[in-house]
Amino acid sequence: VLHFVDGPCALVSQQASHSCALTFLFEAREKMILILLLITMISCVCAGTSFLKVKQTKYQAEEDDNITLEWTFTTRSDKSPNLLMILCKLITDLRVSFMYRLHHSVEVPESQDEQFSGRVQWDRDVLREGRLRLHVSRLRTEDSGRL
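Per our numbering, the very first residue in the sequence shown carries number 1199; after that it's consecutive.
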């Protein structure tokens, strides 16, 4: 049992102390997660993470059409394009689907959701120019969402 003397929780009974302890643990866990996220974000920036710029913000197509999604990013001469890591997710109101993953410039098809299996290809040639191009074929209605 945690006892707070000057804290935000004034203990009145044993039941109140359990409630207070749970609140404290939950808040401490949230703070720890936020600190870890902040450390992760800072280390990514320090490691030279590139920020993507969207070439086109909206795409409109019909079912069974093919589209090409393109992003640009800054390249660094001191970093090999073979160290590139990309994760493209489709976010809808119902779920998050993994559309495409590249780890150290190698495709990782097993991490791709079945919804996109065999329908997403990338242009390896344009990575050195600071461009990421994904070709999505045979569009489906459920492909609608945010990337």
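Where hints are given, some of them may not hold.
[To be verified] Pairwise CB distance ranges (calculated):
1) S1309 x R1344: 26 to 34 Å
2) K1256 x V1304: 27 to 35 Å
3) S1342 x L1281: 29 to 37 Å
No wet-lab data here; the hints were simulated from the structure. Bear in mind the structure is a predicted one, so any value in this text is a computation, not a measurement. Just so it is clear, CB atoms sit at the ideal spot from N, CA and C, and this is done for glycine as well.
How the hints compare with the structure:
Against the hinted window of 26 to 34 Å, the Cβ-Cβ separation of S1309 and R1344 comes to about 19 Å, which falls outside the hint. Between K1256 and V1304 the beta carbons are some 31 Å apart, a value that agrees with the proposed interval 27 to 35 Å. Between S1342 and L1281, the C-beta spacing of about 33 Å keeps the proposed range 29 to 37 Å intact.
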